[in-house]
Amino acid sequence: MRNCRVVCGAVMLLAAAMPLVLRASEFQQPTPDELKMTVDSAAPEASAVYLYYEEIDNDPLHYRSIYARIKVLTDKGKDLATVNLPYLRNDWKITDIAGRTIHPDGTVVPLTGKPEDLMSSKSGNREVGRKVFTLPEVTVGSIIEYRYQIRYGDNHFSSPLWQIQRDYYVHKAHYVFTPFENFMPHPNQTSSNYLTDAKGNVVNTLLWWFNLPKGSGVAQGMNNYTVDVTDIPAAPDEEYMPPIQSVLYKVFFYYKSAHNAQEYWTNAAKEWSKDVDKFAEPSNTIKQAVAGIVSPGDSEQVKAQKLYKAVEALDNTDYSRAKSASEMKALKIKEARHAEDTWKQKSGSSEAIALLYLAMARAAGLTAFAMKVVDRDDGVFDPSYMDMDQLDSTLVLVGIDGKGVLLDPGQKMCTFGQVKWNHSDAGGMRQSPQGPGYEKTPGQLYSDNSLQRDGDVTLDANGGMTGYFTFTLRGQDALRWRQEALKSNPDDLKKGFDKWVQPMMPQGVEGNVDHFLGLDDPDSNLMAIVKAKGTLGTALPKRLLLPEVFFESRGTEPFVKEAKRLEPVDMRYAEQITDNVVYHLPAGYTVEGAPQDAKDVWQQHAAYVLKTQIAAGQVRVDRVLARGFDLATADEYQDLRGFYQKVAASDQSEVVLTLAASGKGN
Amino acid sequence: MQPAPDWAVTAAKIPTPADVKNAHSVLLSDEYLITVDDQNHAVERERWAVRILTPEGRRDAHCMVEYDTDAKLNYFHSWTFATDGRLFQAMDTDFKDVGAGGDVDMQSTDRFRVLNPPGADPGAVVACETERHMEPYLSSEDWEIQYPFPVVNESLELVLPAGGHFAASWSRYAPVKPIETPEGHLRWEIKNMPGLDLNNLHATPAWSALAARMSVKWGDSAVNGIGSQWRQIGQWMDQLEAHRAEPTPEITAKAQALATGAPDFYTKLSRITSYIQNNIRYFIVIKGIGGYQAHYAGEIFRNGYGDCKDKTTLLIAMLQAIGVQAHYLMVDSERGVIDPQAPSLYGNHMITAIELPAGENDPRLMARVKTTDGKELLIFDPTDEETPVGLIRGDLQGAYGELADGAASQVIALPVLKPDSAGLTRKGSFVLSVDGTLTGDLTYTFAGVEATDERGSLKEQDAKDVRQSWEQGLGSALPGLTLSGFEFRNTAGLDKPLGLDLQVSVPSYARQAGTLLLVRPRVLGSDARNLPGIMDGLPRLYPIEMSHPGVWKDSYDIKLPAGYAVDETPDPVTVDLPFASYSSTVAAKGDVLHYEREYVVKQVEVPAADAAQFRKLEDAIVSDEKGMTVLKKLP
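Chains Z and A, in that order, are what the protein sequence lines are.
Residue numbers are given in the numbering used here: position 462 of the first sequence equals residue 462, and the series is strictly consecutive.
Residue numbers are given in the numbering used here: position 41 of the second sequence equals residue 41, and the series is strictly consecutive.
Simulated from the structure, these hints should not be mistaken for lab results.
Incorrect hints may have been included.
[Unchecked claim] In silico negatives: residues of chain A with every beta carbon more than 10 Å from chain Z:
| hint | residue |
| --- | --- |
| 1 | Asp19 |
| 2 | Asn74 |
| 3 | Pro118 |
| 4 | Arg172 |
| 5 | Ile190 |
| 6 | Gln293 |
| 7 | Lys375 |
| 8 | Ala407 |
| 9 | Lys427 |
| 10 | Arg511 |
| 11 | Gly590 |
| 12 | Lys626 |
[What the hints assert, rightly or not] Now the stretches of chain A that chain Z is said to cover, found in silico as 3 or more residues with beta-carbon under 8 Å:
| hint | region |
| --- | --- |
| 13 | 46–56 |
| 14 | 79–93 |
| 15 | 107–114 |
| 16 | 532–538 |
| 17 | 564–571 |
The beta-carbon is built from N, C-alpha and C at its ideal position, and this holds for glycine as well.
Start from the sequences, fold in the hints, and give me the full structure.
Structure (structure tokens):
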């Protein structure tokens with residue numbers, strides 16, 4: 001629930017005049033079918049189902065009322081008997097809690113215990129509490145019902161956020177929102193009352209955004225808005241899903257000082273761009289700093305790189321520690337309001353450092369614009385949902401030799417010319433000579449992100465091995481480990497890297513990083529020297545069997561196990577993995593059998609090549625898996641899965657070695 | 001800003017010991033002062049100073065104090081000595097209060113005040129001072145003298161009222177004598193305590209089962225002798241729960257109705273324990289003394305929910321209603337945490353000790369203990385909804401518990417059950433096609449702890465999630481697997497093994513290598529434990545946890561494709577050690593390849609000195625599990 005502050009006094013009068021119409025629905029009588037239900041045919045494997053869910057929001061009366069009827073079908077479903085209601089202690093009140101349990105035989109056990117009021121957290125004046133109650137005598141087969149009301153202050157207005165899709169199947173749900181009179185679908189008259197938002201703007205429009213099943217929508221009554229839905233499946237849970245909030249069914253209402261999306265984003269973009277320009281003003285301090293970094297004769301490329309290096313060298317508090325308010329007060333430091341403050345403090349957040357770079361680039365005479373994009377780790381930008389809070393990361397677009405180069409200076413250790421994956425293929429807005437507007441950053445190329453694993457494996461006759469590998473990381477993997485190094489000491493970094501490497505190793509083999517090369521230099525490849533030892537081969541009396549593919553023999557390829565797909569696939573970024581491994585065979589062994597070379601292609605998306613070369617005393621295995629996509633639709637899933645199934649099958653191949661006629665002897 | 005107090009200035013000057021390596025922080029000084037008044041109410045002050053050594057060490061400088069309605073916080077101050085000589089004093093905005101708990105089924109009124117210290121960068125020293133009232137119903141404190149990081153100086157001072165007395169016991173640390181000046185003012189000091197860091201060590205006992213601590217008691221709790229102290233704790237528990245386990249008429253009626261017609265003692269018990277397991281939901285909000293004291297049995301019975309103390313209370317009441325005596329038994333959810341040599345309230349779980357009638361020898365009642373006064377007790381955990389009466393979970397086996405039985409209260413060792421009390425048997429019959437596809441049926445039979453774990457998993461997940469997690473687990477071992485049949489048997493009857501029937505199909509199970517076809521006779525299941533460090537032969541300081549005794553068996557038949565014959569099979573394996581044994585064979589009979597193995601765990605842990613033997617066992621298992629059979633095409 002989002003709360004805004006302050007309404008004028010007239011609204012309070014309005015509230016007092018409204019009748020209390022939607023208070024406290026009575027509990028519904030269960031049907032015989034509901035009582036005797038043991039499995040729900042609509043959700044046959046569910047632990048519980050919502051038989052009914054209702055939310056009534058009445059902003060003029062400053063309250064919302066929730067009512068739930070739940071059928072418990074398994075032991076896990078009994079967890080729903082405990083209801084946790086978080087709330088803001090100073091602003092909200094949770095009242096009128098009532099509930100009951102109905103046994104399968106129809107016996108009704110009312111909730112008589114007093115709800116507990118626990119503190120979740122308190123910081124300054126902000127206190128988050130929890131009302132907790134548990135329904136009595138809940139068993140498998142029970143129907144549990146409860147309702148409660150949330151009341152908020154008369155000087156606040158609040159618009160609802162309806163999470164239509166829940167953790168459990170919903171048979172039927174009913175939502176009603178009554179806004180202030182001016183925002184009703186068919187107001188009787190235009191009131192002289194008005195609302196103001198936190199910035200003092202007059203709020204003139206009620207907007208809503210929804211993601212609902214086909215055939216459902218927001219209905220407009222005389223005084224309110226309603227949503228009625230039936231048969232809502234439980235929230236999906238699939239591997240490599242986009243952020244969950246981007247796929248769930250839900251409805252947001254929000255008051256805005258705009259009439260439509262275009263107007264909202266136009267105004268929001270102008271306001272954002274103005275704030276950016278104000279912060280990133282190339283002041284004299286900035287100009288002097290820039291003059292000390294770049295030379296007049298430097299090319300645009302060199303200037304951009306030198307400035308990038310300079311801001312990357314600053315203390316980025318997102319990777320170290322942000323100073324607390326008390327510390328800043330003691331140090332007589334003020335919150336940065338302009339780029340020059342960040343430069344003077346030699347410290348700032350990712351956001352402040354990105355804007356500092358923008359200021360310095362402009363001071364150096366480069367054409368530079370800011371971009372504000374969604375963090376793909378958290379969400380997917382939707383322009384039809386009018387909220388700037390969707391966008392949380394600032395990038396800089398610099399003109400170099402007539403071309404725009406997108407930079408991510410707020411990301412410590414990010415290579416010049418690259419952005420972190422969660423800022424690629426990401427929607428948002430950008431400044432431009434024509435003014436600010438919508439933009440989406442390009443997706444990453446597989447050639448920009450690569451992991452190459454080269455190595456030699458020396459085998460003994462019992463299947464034991466020692467190996468020496470060079471892992472060469474470019475792009476996102478390199479960035480990840482360089483950023484990890486900023487927060488870890490060398491030993492912990494190695495331990496973390498070992499944990500990443502271990503699932504790549506065959507069963508019975510342990511790999512440990514010996515040292516890194518290029519860890520501090522984002523302009524070079526990051527290399528990790530990995531030593532491995534253990535038992536790789538399977539020794540039979542006459543033969544020795546080896547996994548053909550050293551690094552993927554555990555069969556960890558994705559999607560192989562899931563036949564169906566509901567949601568899109570989000571693999572974050574495109575990449576290429578290349579392996580070149582040479583097995584040095586034990587004395588006396590030759591190759592008796594080896595798999596055929598393999599090649600698979602998923603057109604326009606991915607390719608796989610596996611090749612084995614046999615020479616005297618050694619077997620060389622080369623493998624390439626290139627994935628050129630980061631996102632795929634659910635419709636493409638069967639092609640994607642088919643590709644990975646073939647990859648997984650090839651990766652499980654074996655090489656058979658046999659001992660020459662002289663015999664294994666001892 | 002107030003200047004830092006002298007104690008903090010002094011502590012901040014303590015140098016980091018030269019032998020501190022790889023630590024993220026060092027606790028320079030940690031001083032407790034417990035002042036007990038003549039009403040036995042105690043106030044505890046703690047002063048401590050942490051030097052941050054690495055960026056990760058900042059987390060250790062987030063000083064924290066726990067408080068509650070019964071244990072009010074008087075004050076919490078903090079200062080940071082930055083590396084550049086600056087001094088910061090924490091302000092109100094640097095503190096945050098956080099409520100404890102938040103789990104669906106376990107919530108508490110406990111709160112923590114947590115500091116986000118200003119200036120907390122590597123090299124800085126953060127000094128904190130708190131003072132809080134101790135819970136009025138307690139007259140003891142557990143002094144934890146070991147941390148994951150090293151400590152230079154630590155002390156505990158106890159100021160007793162005139163004529164007051166104390167008792168101290170030490171766990172995993174040689175007892176230290178207190179300095180007493182003046183009378184009734186005692187001070188224990190410890191220097192240079194190494195950190196106990198178990199990160200990256202595998203299969204160790206729980207951290208709290210290895211860390212050193214001291215328990216100090218005053219007032220009535222302070223009695224001489226270990227046995228007397230345990231007895232006193234048990235009597236205190238009995239007193240706290242007095243009358244709470246008295247059966248109401250409704251409880252008596254229910255218990256007697258359940259017991260009526262039971263053919264034997266086991267059945268009688270089982271009907272009552274099952275009732276509590278199935279009908280009393282685990283849930284509680286703990287308020288103050290509610291962390292130690294149960295609700296009344298009648299209230300628990302009426303509500304249909306309660307925590308571990310409540311479930312034990314209701315069980316005692318129901319058993320009492322049918323003439324069976326039972327007692328509270330305080331344990332910890334991790335083996336080894338309760339130390340019989342260090343009497344204290346250091347436990348986090350309550351279970352039940354049921355008195356067995358003389359001569360009751362039902363073999364299903366395996367979890368038996370004999371007390372020093374000759375009573376035979378059956379140990380049972382009513383909170384554990386998946387373990388039948390007669391058995392106990394693995395983490396309780398070999399642990400210690402405090403029995404509350406009036407003057408007969410004592411610490412008791414919980415039994416380690418026999419291997420045949422638990423385990424898993426897998427049987428499979430498959431057909432291998434010439435293209436390498438394997439199809440067939442599998443049957444799993446879970447017993448004892450394995451059945452408990454699997455039933456727990458069934459309870460905690462939706463049926464869809466259960467199936468998916470099995471598909472994923474099996475798919476990891478058998479890539480591309482399709483599950484056409486999936487059905488559990490005996491999910492509810494705890495006294496029967498849990499069964500699972502599967503029908504599987506796995507493409508490319510057999511791998512072509514030239515003219516050869518390679519088949520892994522061990523189709524499924526792994527008994528191997530990948531324990532880095534141990535397997536590398538690094539010195540082992542701590543025992544290796546084996547969880548619990550049990551027997552794991554696999555038996556698979558694979559019908560081979562026409563036109564192929566077995567050319568080579570892995571050698572049989574046999575390893576027999578004091579703590580475990582393993583054997584396997586692969587044999588070809590006609591066109592059927594048969595694999596059989598048995599893994600028996602006999603103990604709950606392996607002594608550190610036997611790490612090499614453990615390695616030998618694991619090497620044998622890993623090698624066997626990788627074993628392949630080579631099929632050759634007949635000419």
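Checking each numbered hint in turn, tell me which of them this model violates, lowest number first.
Violated hints (numbers, rising): 3, 10 and 12; every other hint is consistent with the structure.
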